[in-house]
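Participant: Chains as they are written, first to last, in numbering that gives the first Met the number 0: chain A, 0 to 449; chain B, 0 to 449; chain C, 0 to 449; chain D, 0 to 449.
These are computed hints drawn from the structure, not numbers from a lab. Since the model is a prediction, treat every value here as computed from it, not as a measurement. Please note: incorrect hints may appear among the correct ones.
[To be verified] Covered by chain D, per the in silico footprint, the following chain C stretches (three or more residues, Cβ under 8 angstroms):
#1 0–13
#2 16–30
[Stated by the list, open to error] Think about it this way: if two alpha-carbon atoms lie no more than 27 angstroms apart in a straight line, the pair counts; the simulated DSSO-like pairs of lysine-lysine are:
#3 C:Lys416 with B:Lys416
#4 C:Lys308 with B:Lys416
#5 D:Lys128 with A:Lys215
#6 D:Lys215 with A:Lys416
#7 A:Lys128 with A:Lys37
Beta carbons: idealized from backbone N, C-alpha and C, even for Gly.
There are 4 protein chains.
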Amino acid sequence: MEIEIATIGGYEEVGRQMTAVRAGEDIVIFDMGLNLSKVLIHDDVETESMHSLDLIDMGAIPDDRVMSELEGDVRAIVPTHGHLDHIAAIPKLAHRYDAPIVATPFTIELVKQQIQGESKFDVGNELVKMEAGETMPIGDSGALDLEFVNVAHSIIDAINPVLHTPEGAVVYGLDKRLDHDPVLGDPIDMDRFAEIGREGEGVLCYIEDCTNAGQKGRTPSESVARDHLHDVMTSVADYDGGIVATTFSSHVARVKSLVEFAREMGREPVLLGRSMEQYAGTAERLDFVNFPGDLGMYGHRKSVDRTFKRIMEEGKDQYLPIVTGHQGEPRAMLTRMARGETPYEFDDGDKVIFSASVIPEPTNEGQRYQAETLLRMQGARIFDDIHVSGHLSEEGHYEMLRTLQPQHVIPAHQNMKGFSPYVDLADSQGYELGRDLHVTRNGNTIQLVE
Amino acid sequence: MEIEIATIGGYEEVGRQMTAVRAGEDIVIFDMGLNLSKVLIHDDVETESMHSLDLIDMGAIPDDRVMSELEGDVRAIVPTHGHLDHIAAIPKLAHRYDAPIVATPFTIELVKQQIQGESKFDVGNELVKMEAGETMPIGDSGALDLEFVNVAHSIIDAINPVLHTPEGAVVYGLDKRLDHDPVLGDPIDMDRFAEIGREGEGVLCYIEDCTNAGQKGRTPSESVARDHLHDVMTSVADYDGGIVATTFSSHVARVKSLVEFAREMGREPVLLGRSMEQYAGTAERLDFVNFPGDLGMYGHRKSVDRTFKRIMEEGKDQYLPIVTGHQGEPRAMLTRMARGETPYEFDDGDKVIFSASVIPEPTNEGQRYQAETLLRMQGARIFDDIHVSGHLSEEGHYEMLRTLQPQHVIPAHQNMKGFSPYVDLADSQGYELGRDLHVTRNGNTIQLVE
Amino acid sequence: MEIEIATIGGYEEVGRQMTAVRAGEDIVIFDMGLNLSKVLIHDDVETESMHSLDLIDMGAIPDDRVMSELEGDVRAIVPTHGHLDHIAAIPKLAHRYDAPIVATPFTIELVKQQIQGESKFDVGNELVKMEAGETMPIGDSGALDLEFVNVAHSIIDAINPVLHTPEGAVVYGLDKRLDHDPVLGDPIDMDRFAEIGREGEGVLCYIEDCTNAGQKGRTPSESVARDHLHDVMTSVADYDGGIVATTFSSHVARVKSLVEFAREMGREPVLLGRSMEQYAGTAERLDFVNFPGDLGMYGHRKSVDRTFKRIMEEGKDQYLPIVTGHQGEPRAMLTRMARGETPYEFDDGDKVIFSASVIPEPTNEGQRYQAETLLRMQGARIFDDIHVSGHLSEEGHYEMLRTLQPQHVIPAHQNMKGFSPYVDLADSQGYELGRDLHVTRNGNTIQLVE
Amino acid sequence: MEIEIATIGGYEEVGRQMTAVRAGEDIVIFDMGLNLSKVLIHDDVETESMHSLDLIDMGAIPDDRVMSELEGDVRAIVPTHGHLDHIAAIPKLAHRYDAPIVATPFTIELVKQQIQGESKFDVGNELVKMEAGETMPIGDSGALDLEFVNVAHSIIDAINPVLHTPEGAVVYGLDKRLDHDPVLGDPIDMDRFAEIGREGEGVLCYIEDCTNAGQKGRTPSESVARDHLHDVMTSVADYDGGIVATTFSSHVARVKSLVEFAREMGREPVLLGRSMEQYAGTAERLDFVNFPGDLGMYGHRKSVDRTFKRIMEEGKDQYLPIVTGHQGEPRAMLTRMARGETPYEFDDGDKVIFSASVIPEPTNEGQRYQAETLLRMQGARIFDDIHVSGHLSEEGHYEMLRTLQPQHVIPAHQNMKGFSPYVDLADSQGYELGRDLHVTRNGNTIQLVE
């Protein structure tokens, strides 16, 4: 059976991920993501009402025109988890394919919200939920199966999809951490990966997320970030003024830790900011997390301001606002607080906890620096970088190669510079560029079996 | 009562710490340390047989000639903990003073070993043990008391000494972390610091270690390092080849964690390297730590090589050598292993765990890089930077100032660049350079009360 | 005679410089500058119509309230050169003092323009021109003289003022480069500095600009930057598309080089952007530079756009626009061009020459990165960092200390971290902190002679 | 005609360059270099007496075993210039091939010296001189010609060899700077490159040195470095103590500038150190440079020490020693001087001029830091980084691609990380990875024409 991989997006950047695998007549698409930085560099762009081609020209969404070169039918569109660089192009591109969107329950829910926010296109693809550990047939040949293997990432319900073919498994390995104690959800299913590596024809191809391939050692478990966060929050537990925390709103496990530690300190946690409300609310509604029954979550400006007023009246020492804005994004909640645009007022000695790392890009670093400067000008004390990455480091990649023993490897989710440490690693494990190690770019196809 | 501070060493560098406090007629000396880098930059220097003045000229030990300007009698020499930059000049300088050396039991033991290694001078000062939490009178006036407040650092039995005077307390705050869960020993005694800040005349002067004053946030607890280390070791637990770990040999709490996790993995821990044997052996003999009864510790080359041979014969997967050499020091054990100078042989995939950070100095970084390169050439996989600092970060300094409310502050344990973030912090808390915030250099005296 | 120095602004930052020297009953003020970054961190601040106290509270202009502690009469306000961090607080503060503003002709002209732009205060101080090399008496005692010593900086007509007193000279050494071949204007007058160091009582006090004290070696001459720029422009001389250059608009020597090299390449130089027109126009009007008679300079948006249209019509290869925006400032000309907001259109291969370094501050780095990204998205090729600093490096500072042999030294024009390498240098030359080396902060006074 | 490229060495590192081009039955080898760092990481290795295979295993010389896969006869071994990473494996490998070594006169001379130093192998290949601009036939087919195009690099007499084939030219582009004013020798021959790009079949393949591909802008001309150096030396011209300079001994143009500026300052230049004597002596003997008739050059320790004694007796202000040791190499002259191992003694204020950049590798940075620290401890003032690179930056690469318009591009002289910015550039110019842009590793072959 012919096997071909189209590397459509996310092979020259982090963002706008999209990869298609053709096995015989059947095609599965993995991810349809957005590159947000390509949107933000322009002023006043409203993606909701933009046409796909314009977004493609901006480099914001995958250029899926290469799909016309693949001879076969798309059987499924499979986002691996709910981050925007994996799902946010679905409203712009999915309607072109007569195929269901297959994902885990939490991811499906976030896809549904994306589709509802779309105003240009009418996206009618069927939404199909499949849990980690489950398998479904693909196409009518009876020869193909799609399996979801559980992984850990900085969002819940993340999986690595595997397309089982007669030529071996194609493992789409994007966005995971080798975490045996992920605080929320199950550990990464290394046993299943090991089985896939051994069974049948083994692994034909492994597509890997190179984000942190140049980081030495191992990405720590979320439980280490939780311990670190606990240590910080314990150390300020007796402070009787304002304490504010910020983290990735989609990082429900971290939000859960913040909520729990707030309670432990005797403070009322409250989630503020549109995306904070969105992700936490969705996770709770789908029973992924059990927040205390009365946990406040507010996204609209009015209710947020009302909450801040209540906090100022009842005492900042009674509350722990958990807000958006960990990167100093100009319109996020913490930045608005820092600019004095909300009723919340900082006093000398108040604590601001960044349970996040700064994404190392100059625009970002500039914005974060401005937010911190404004906070410090008001007397705030900063605790930052209380975080672990959601991506494998060098030794995680080594472990995956050793476990899967793939015939072919395709680095993804980076630019050339980001690929290079992964290529060095794969080379040291016996792979050879151009033979079984395929460094590629957006818009290419790689024929693995002819 | 006149109070004067002589800032003798460690005010232009990290290393060769020495400070004298004169209260009326009585003087207490805090620390007598060595700056090892000033020794190592020269080839083939043997400090054991060198004269004090030559070592002073090299910048290796404190230039204590300023002591002649202090009118009073030295009543005690008080090393705060057992690191070389705090005790290793005692063999060269202590005999000049007719005063006992007063320290905690573990520190006294290490001082004793230093004195025994000295071949040039005959150091006969009385060695007096005092526990954290205890107090002793100083001099005959009845007005002065020396107290040891328990702190946490990267060596056990560390204290901050406090000289109580009628004018207020002089708190010598070098080398601590604000750790509420230090794995070995008691948490830092913040309650006692708070009392000292409030009682009597309060704190007249606080001398503070600025090592990490420029690091944002809070230095994590040793328990976070332990969790991180546990996460790493768990992740390689099923590896059936060689695993080697290295850390600061004086960091007994970390060595203890390594020993325990080795056992948990089903491996026999064994401590290798002269200083590894020295510190761990001393800690166990003094009952600071309970290693398993049969824990091997070997320092002499012959017994080390014999151990390595046994490991190679019985199987590398049975053992976890815990060795010296975390900075790539040319003569340390791990470097010798990397160079193939020991019977231990690395295989592809063997793991080397650096439970230490690289000390950020170019000589050091070069040596560490060489050691890692040699290890990688033999196929070793590197896990590094599994560590927390022993020194306060910005928010720890903020907390100490808030707790002690000192009248005067003297930054120490750094050069001018290192002092600068601390000066910024103290300034933001209302201190003023030249008035109550004293930036100084080696060899100065500061008269606080006339 | 009593000599006292008030370090009013610019001792905790770069920006809002202001220092007062009292000699007996007479006071001279050096510089009254603005810290622009403290303005820009707030949105929509219009300084022109703001009150001094609000600007002081923002940290934007010097807090001159310490002046009330100086007993004497202000005899002169002396800005050293025309950069905003040295003159732009004059409209807000000068009217409080009954004293003339004394400066070199070019600086006086820029001060006049500042005053004309002010809408809140009525600034009626007399404007007095004095050339480099000249001297004027200060006050009525007959004991004080003010001298201007010629220096080189990144703006023309810069001087170091010297207040000659019976106790020795007070040399205000801010903002210079030790340049023997400055392209425009005379070399730094080291002979005069040497004389001042030797004559009479020598130098009582030297106040020094520490901006680059931590840079090793020597800041190159402007002639080296010119050679570098010539090399770059020669290398693209045969390119037949668009070439655009940007630099500091106040850096008239650099603008002159750009203009000359444009001509040499057969292109018509044209200066675009408000401040480009302002500085170049002023310099030409005052005969500091002789631009070609027909050199176009346009500041208003309409005339700029008209010029761009003409360039697009006649051919981009006929012109070399020299524009504002070297730091990626959001509203500057180059940024507007990059965003496609002007009629100028970039083609693949067009060259953009940044004859400037990025000011190393995260906000700035973020903005510059965005501007470059937008330029690259349009196909532009970037040549950057073709520049030399206007400030002394380590060896320039060493040379000044050796030449002046001052009794007292006061580091300025930086924060504590910036002072620290200068303190190390001065210490190595025999100065001692707190004795004759005075590290200070905004708002302090230092009594040198009582 | 079949055209095949074997990328033998220098495709995973800088060092041990070797590439073979097969055109039909005829093969030309470009470069046979050494990776010195792979030698130095081991203690006490004497390469002169080592066998090729051991050096191959160490990664020190190219693994030329892939040559057996090329079906054809080696017709010439062509080192492009005299740096060790291009010629120093010739003594170990050239004797295996029955072919002459063809190079420019200066390079041939250095190859000869390498061969004379070899003690293990007997290298009898004919040494053939060919000047830049000349051409020779290759093989008997009459279809192949080898041409040398003049380029500028940090050593004199450097060329880019071009193999003209019926399928187009193969341009081996290693090690050059786009320099129109190189101080010594002719400018880079861009006109000829442009002709080669246009004539016949154009350029079939361009093999490019990626060393600085990630550096923005353009590498300045050697004349800019010369101006910078002149500026520094002028600024210390009136110093009446010791001045010492160091640079790359093979960089004859720089040595020439140093010699001339020493004379201009009224000092006697003298070259010290083995390699300083070797390169300068060779260049003078071959008439590439005209040093003053009595310029002293000393390599042997005895004559060096005698010279230093004379300098100390006659006065350090009479001389300018130009010495080896710009990277702080432990056994080089400057390091020995810094350690006090020579009769030269530094006084406070003496100047040390590093006309070189630090090679950015941790081992190196550590050694250089040690050397500078030792110099500073003796009072020396440091002027460093007075240098321009010998390699193209981003815009030079852009210019070469535009000029040659090659059908195929092969990045070389770097590891994967170093290739990545070049790949980005080539991609932006329309090349496509795997199609006409060939990222490869040591030991591969690429078939361009079948």
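Participant: It remains to establish, for every hint, whether it holds in the given structure.
Facilitator: We went through each hint and held it up to the structure:
{"no.": "1", "hint": "0–13", "verdict": "violated (count 0)"}
{"no.": "2", "hint": "16–30", "verdict": "violated (count 0)"}
{"no.": "3", "hint": "C:Lys416 with B:Lys416", "verdict": "6 angstroms, holds"}
{"no.": "4", "hint": "C:Lys308 with B:Lys416", "verdict": "52 angstroms, violated"}
{"no.": "5", "hint": "D:Lys128 with A:Lys215", "verdict": "48 angstroms, violated"}
{"no.": "6", "hint": "D:Lys215 with A:Lys416", "verdict": "15 angstroms, holds"}
{"no.": "7", "hint": "A:Lys128 with A:Lys37", "verdict": "31 angstroms, violated"}
Of the numbered hints given earlier, the model fails hints 1, 2, 4, 5, 7; all others are met.
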